[in-house]
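Using the sequences provided together with the hints, build the complete structure.
Just so you know, the sequences run in chain order C and U.
Taking the UniProt record's numbering, the leading residue of the first sequence gets 1, the next gets one more, and so forth.
Taking the UniProt record's numbering, the leading residue of the second sequence gets 1, the next gets one more, and so forth.
Derived from the structure by calculation, the hints contain no laboratory data.
A hint or two may mislead.
[Claimed, not checked] A few chain U residues that face chain C, going by a derived Cβ cut-off under 7 Å, partial list only:
hint : residue
1    : 24
2    : 44
3    : 45
4    : 233
5    : 234
6    : 237
7    : 240
8    : 242
9    : 243
10   : 252
[Claimed, not checked] Here are the simulated SDA-like pairs of lysine to any residue, each with C-alpha atoms no more than 25 Å apart in a straight line:
hint : chain 1 : residue 1 : chain 2 : residue 2
11   : U       : 26        : C       : 463
12   : U       : 230       : C       : 333
13   : C       : 392       : U       : 44
14   : U       : 26        : C       : 414
15   : C       : 392       : U       : 233
16   : C       : 392       : U       : 232
17   : U       : 26        : C       : 27
18   : U       : 230       : C       : 439
19   : C       : 439       : U       : 251
20   : U       : 26        : C       : 459
21   : C       : 439       : C       : 455
22   : U       : 230       : C       : 399
23   : U       : 230       : C       : 416
24   : U       : 230       : C       : 372
25   : U       : 230       : C       : 457
26   : C       : 392       : U       : 236
27   : U       : 230       : C       : 214
28   : U       : 26        : C       : 416
29   : U       : 230       : C       : 373
30   : U       : 230       : C       : 554
31   : C       : 439       : U       : 155
32   : U       : 230       : C       : 452
33   : U       : 230       : C       : 597
34   : C       : 439       : U       : 236
35   : C       : 392       : U       : 247
36   : U       : 230       : C       : 414
37   : U       : 230       : C       : 368
38   : U       : 26        : C       : 419
39   : C       : 392       : U       : 230
40   : U       : 230       : C       : 426
Glycine is no exception: its CB is placed at the ideal position from the N, C-alpha and C atoms.
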Amino acid sequence: MTKSSEKTPAPVLSVRGLSVSFRGARGVWSEVVRGLDLEIGAGETVALVGESGSGKSVTSMAITRLLDPETSRLGGSILLDGQDILALSEEDMVSRIRGQKVAMIFQEPMTSLHPIYTIGDQITEALTVHSPMSKAQARKQAIELMQRVRIPNAEARISDFPHAFSGGMRQRVMIAMALASRPKLLIADEPTTALDVTVQGEILDLLKDLQEEFGMAMLFITHDMGVVAEVADRTVVMLRGDMVESGTTAQIFDAPVQPYTKGLLASVPKLGTMRGEPVPLRFPVVNMANGSVTPGTKLDRTPDTAAPLLKIRDLVTRFDMRGGLLQRRVAQVHAVEDVSFDIYPGETLSLVGESGCGKSTTGKSLIQLSGGRSSGSVDLSGTELFDTSGEKLRRLRRRIQMIPQDPLASLSPRMTISEALTEPFLEHRMGSRAEALQKAERLMRQVGLQPDMLARFPHEFSGGQRQRLCVARALMLDPEIIIADESVSALDVSVKAQVVNLLMDIQQNLGIAFLFISHDIAVVERISHRIAVMYLGEIVEIGPRSAIMERPAHPYTRRLIEAVAVPDPSRRHSRRSQEPQELKTPLHPMSYVPPKRRYIEIAPGHLVRDDVTTAA
Amino acid sequence: MTSVSTDKLPPSPIGEGVSAPDGPWKRLLAGLLSSPTAVLSGIGLILILIAVLLAPLYANHVAHTDPFRSGLSAKIEVEGKTVPVMQRSTEGLGLGVTPIGPTWSGEYMLGADTQGRDVMARMLYGGRSSLLIAAASTVLTLALAAIIGVAAGYTGGLVDGVLSNLIDMMWAFPVYLLAISLSIVMIGKTFVLGPIELSSSSLIIPITIIGLVYVPYVARPVRGRVMTIKNSEFVLAARGLGVRRHRILMRHILPNVLSTLIVFAPMLTALNIVTESALSFLSVGVQAPNASWGTILQDGQSLLYSRPTVALAPGIAIMVTVLLLNLFGDVLRDVLDPKSARGR
Numbered sequence: 001m002t003k004s005s006e007k008t009p010a011p012v013l014s015v016r017g018l019s020v021s022f023r024g025a026r027g028v029w030s031e032v033v034r035g036l037d038l039e040i041g042a043g044e045t046v047a048l049v050g051e052s053g054s055g056k057s058v059t060s061m062a063i064t065r066l067l068d069p070e071t072s073r074l075g076g077s078i079l080l081d082g083q084d085i086l087a088l089s090e091e092d093m094v095s096r097i098r099g100q101k102v103a104m105i106f107q108e109p110m111t112s113l114h115p116i117y118t119i120g121d122q123i124t125e126a127l128t129v130h131s132p133m134s135k136a137q138a139r140k141q142a143i144e145l146m147q148r149v150r151i152p153n154a155e156a157r158i159s160d161f162p163h164a165f166s167g168g169m170r171q172r173v174m175i176a177m178a179l180a181s182r183p184k185l186l187i188a189d190e191p192t193t194a195l196d197v198t199v200q201g202e203i204l205d206l207l208k209d210l211q212e213e214f215g216m217a218m219l220f221i222t223h224d225m226g227v228v229a230e231v232a233d234r235t236v237v238m239l240r241g242d243m244v245e246s247g248t249t250a251q252i253f254d255a256p257v258q259p260y261t262k263g264l265l266a267s268v269p270k271l272g273t274m275r276g277e278p279v280p281l282r283f284p285v286v287n288m289a290n291g292s293v294t295p296g297t298k299l300d301r302t303p304d305t306a307a308p309l310l311k312i313r314d315l316v317t318r319f320d321m322r323g324g325l326l327q328r329r330v331a332q333v334h335a336v337e338d339v340s341f342d343i344y345p346g347e348t349l350s351l352v353g354e355s356g357c358g359k360s361t362t363g364k365s366l367i368q369l370s371g372g373r374s375s376g377s378v379d380l381s382g383t384e385l386f387d388t389s390g391e392k393l394r395r396l397r398r399r400i401q402m403i404p405q406d407p408l409a410s411l412s413p414r415m416t417i418s419e420a421l422t423e424p425f426l427e428h429r430m431g432s433r434a435e436a437l438q439k440a441e442r443l444m445r446q447v448g449l450q451p452d453m454l455a456r457f458p459h460e461f462s463g464g465q466r467q468r469l470c471v472a473r474a475l476m477l478d479p480e481i482i483i484a485d486e487s488v489s490a491l492d493v494s495v496k497a498q499v500v501n502l503l504m505d506i507q508q509n510l511g512i513a514f515l516f517i518s519h520d521i522a523v524v525e526r527i528s529h530r531i532a533v534m535y536l537g538e539i540v541e542i543g544p545r546s547a548i549m550e551r552p553a554h555p556y557t558r559r560l561i562e563a564v565a566v567p568d569p570s571r572r573h574s575r576r577s578q579e580p581q582e583l584k585t586p587l588h589p590m591s592y593v594p595p596k597r598r599y600i601e602i603a604p605g606h607l608v609r610d611d612v613t614t615a616a
Numbered sequence: 001m002t003s004v005s006t007d008k009l010p011p012s013p014i015g016e017g018v019s020a021p022d023g024p025w026k027r028l029l030a031g032l033l034s035s036p037t038a039v040l041s042g043i044g045l046i047l048i049l050i051a052v053l054l055a056p057l058y059a060n061h062v063a064h065t066d067p068f069r070s071g072l073s074a075k076i077e078v079e080g081k082t083v084p085v086m087q088r089s090t091e092g093l094g095l096g097v098t099p100i101g102p103t104w105s106g107e108y109m110l111g112a113d114t115q116g117r118d119v120m121a122r123m124l125y126g127g128r129s130s131l132l133i134a135a136a137s138t139v140l141t142l143a144l145a146a147i148i149g150v151a152a153g154y155t156g157g158l159v160d161g162v163l164s165n166l167i168d169m170m171w172a173f174p175v176y177l178l179a180i181s182l183s184i185v186m187i188g189k190t191f192v193l194g195p196i197e198l199s200s201s202s203l204i205i206p207i208t209i210i211g212l213v214y215v216p217y218v219a220r221p222v223r224g225r226v227m228t229i230k231n232s233e234f235v236l237a238a239r240g241l242g243v244r245r246h247r248i249l250m251r252h253i254l255p256n257v258l259s260t261l262i263v264f265a266p267m268l269t270a271l272n273i274v275t276e277s278a279l280s281f282l283s284v285g286v287q288a289p290n291a292s293w294g295t296i297l298q299d300g301q302s303l304l305y306s307r308p309t310v311a312l313a314p315g316i317a318i319m320v321t322v323l324l325l326n327l328f329g330d331v332l333r334d335v336l337d338p339k340s341a342r343g344r
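Set out below in structure tokens:
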């Protein structure tokens with residue numbers, strides 16, 4: 001062996017010159033990972049970071065040999081605990097490696113658990129599959145494992161089914177199953193990406209604790225630099241199958257050598273960089289080719305605070321749960337409860353909160369697309385939207401546009417971009433076909449795309465380009481306000497910054513107001529004039545950005561801001577004593593009457609829900 | 001550590017592997033052409049189609065016979081000898097006649113049936129009816145199913161309730177029972193619809209029957225697909241953009257339902273060939289003097305022991321055609337379904 005194996009102790013995982021190729025259409029092989037070197041010792045965490053398509057997940061699949069041997073080829077060497085993985089037969093992998101020496105946890109806790117078996121069944125299966133034991137023994141060990149991963153009330157919950165668990169709790173179950181056979185190596189593939197920030201923090205802490213306890217090696221795959229800074233001892237940066245840079249996490253963050261790493265780090269939104277900035281600031285522009293950074297410029301346009309553009313009062317949206325033989329309403333989801341706020345022309349108001357808090361439903365309710373029952377009042381400069389329907393509503397929708405979370409899903413797959421862009425313009429009879437085409441071409445340039453791309457279909461664009469297309473489509477109608485519903489959440493960091501900057505350019509040039517709905521607080525901090533924090537369908541705190549970010553008054557706001565993983569290894573969090581929070585639900589029986597809330601104005605424009613006198 | 005050269009860096013997904021803009025139809029064609037199964041089964045089907053279209057040519061110039069007229073007294077020349085088509089039986093009491101067996105030459109290539117007619121020529125003419133009925137009833141089924149499914153799925157509410165229950169009621173009937181009942185009502189009468197007069201032997205009758213019975217099997221999935229698309233992000237986006245209802249239906253929903261319908265086409269055609277044969281075999285499908293593979297199969301029933309080719313020929317023709325259609329349909333489904341491995 002090479003000199004590395006003479007070192008003591010030998011690494012748990014040693015990957016040398018790994019290459020992975022896939023067979024594509026017409027039998028052409030393409031290399032998606034090239035010459036990757038990786039070494040993880042016992043008790044060590046190595047993060048594999050990169051944007052989508054960098055080959056990081058493929059690498060983890062190669063290590064566990066889960067790639068289809070028919071369509072993939074592996075090269076180089078992978079040594080796991082001294083064993084050459086690439087030389088083993090599939091039977092050996094099943095009986096001796098997977099689940100024994102190496103275990104994996106995945107991104108989607110919602111789909112990785114089998115829906116028709118109880119949690120207990122699934123953990124005991126993981127326990128008994130490699131080491132035979134009695135039923136009672138297995139059950140006892142399963143409860144122990146559940147306690148280890150801090151699932152409250154383990155003994156009672158062992159016979160529950162997965163649907164009774166929240167996302168964070170399911171991820172804990174997945175971790176418990178992975179730990180069942182005390183693996184030498186744990187591969188965590190984006191384990192917290194699908195989770196809310198507060199839950200993400202808890203899971204990361206849990207993984208760190210368990211790693212210390214078990215002395216495992218951990219390969220942590222993520223795109224989130226904040227998470228990397230939080231957990232990794234060493235970091236490997238990947239770009240389109242190539243290893244760009246590797247070193248200790250502190251080295252990578254403090255003194256990156258390669259331009260790509262520099263660019264990646266510079267484009268990561270960092271919470272707290274806006275401290276003391278009075279107006280929204282664009283993201284720094286990063287030149288990915290040489291890593292140079294041009295600082296972000298200020299938004300040169302102040303909102304017109306004379307009269308609100310959109311006045312929302314007592315907005316309530318509920319979804320019915322039906323049941324029984326006659327499909328009667330048996331319960332209601334109180335998705336949005338008594339929400340009131342104003343948006344001024346040229347202003348960006350952000351709605352932040354965790355998944356299920358009703359922020360997206362609020363946005364959709366404004367244009368009556370939520371699918372639930374809404375009441376209250378939405379006043380668009382003098383016109384009551386909730387009083388309109390049919391043709392009148394259709395015409396009013398021109399003035400409020402939406403940029404969706406998933407641009408691919410929101411573009412009709414069988415329409416060219418030119419059709420998609422001109423359609424709304426023509427439908428609102430805003431001009432002739434030639435004028436529509438002219439405007440589409442102009443807007444394509446404005447959002448940073450070429451007009452000759454109009455002939456293409458949506459699937460031929462990248463994620464960031466598709467989001468630009470959706471921005472262009474919204475602008476076709478000259479809206480006064482744009483609802484951006486998680487519009488940049490699914491994008492890679494470098495692209496995310498570009499699209500946010502684009503939105504700010506548009507606001508500066510056209511004076512459009514934004515309702516920016518997001519769970520990503522670091523982005524919200526950049527773009528917003530004001531922020532509203534939502535929790536379980538209600539606004540708990542609303543106020544100017546600086547007030548919310550620097551002087552949060554509601555305990556939930558504080559918890560939300562604190563939970564954000566900061567991309568700085570020297571500022572690691574330590575909340576290890578925190579007990580996991582069980583999910584609260586906005587599902588209530590029909591008889592439920594929500595408490596009437598009062599808000600206290602603690603500073604001009606800064607309102608906080610009064611939980612002392614109105615506690616339910 | 002490897003250093004990354006800058007020429008690899010600028011992230012420009014467009015222009016990388018993406019050349020000319022490809023429409024969905026072009027992609028469908030490319031997908032089909034890249035599959036040997038689809039190409040071979042497609043060629044096979046085209047050959048069958050050409051063969052049955054050339055039926056009159058074969059009957060007049062090769063077989064020199066009229067396949068619809070009885071040839072009980074006809075005589076042909078085999079290996080220099082003139083022999084009658086209906087041969088006196090040499091077995092048992094020597095009573096009755098047996099039609100001539102396969103000659104493997106131009107005239108009576110596959111022998112004659114009980115009426116002394118050329119089976120090969122009848123096979124080609126019968127194939128015409130079989131394929132025409134199968135294809136036409138597929139079109140009818142798809143059209144009706146699309147209208148019902150889209151109306152039910154898009155409108156929802158009361159319309160959906162009524163249509164869905166109608167579909168369910170139709171579904172509750174066994175297909176053959178329904179088809180036979182319909183046949184008994186329709187066959188043997190002359191329909192007069194304004195200027196059009198339908199004789200009992202018209203092929204339109206089996207086409208209508210077969211076209212009707214499979215409507216629920218297609219309308220149901222179409223309705224489901226419409227309901228999914230109706231709630232999809234891009235329809236929601238279109239509504240948010242203020243696009244009118246009928247345009248959402250025509251431009252956003254229908255094109256996406258089309259793929260569901262296309263997937264059904266070859267499989268439904270195969271099913272229809274089998275159904276037509278079964279109904280004709282039971283004498284409730286194609287009526288004399290028309291022939292179809294099903295009626296030839298029935299003709300061959302009484303000759304099964306003496307002249308098995310008469311029944312075997314249509315049997316094999318049905319099997320091969322159905323197999324080819326299903327093979328083609330499988331590839332088509334894979335290509336159209338973005339979730340399947342081949343489609344990627």
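Q: State the violated hints by number, sorted upward, taking the hints as numbered earlier in the document.
A: 2, 3, 13, 18, 27, 30, 31, 32, 33
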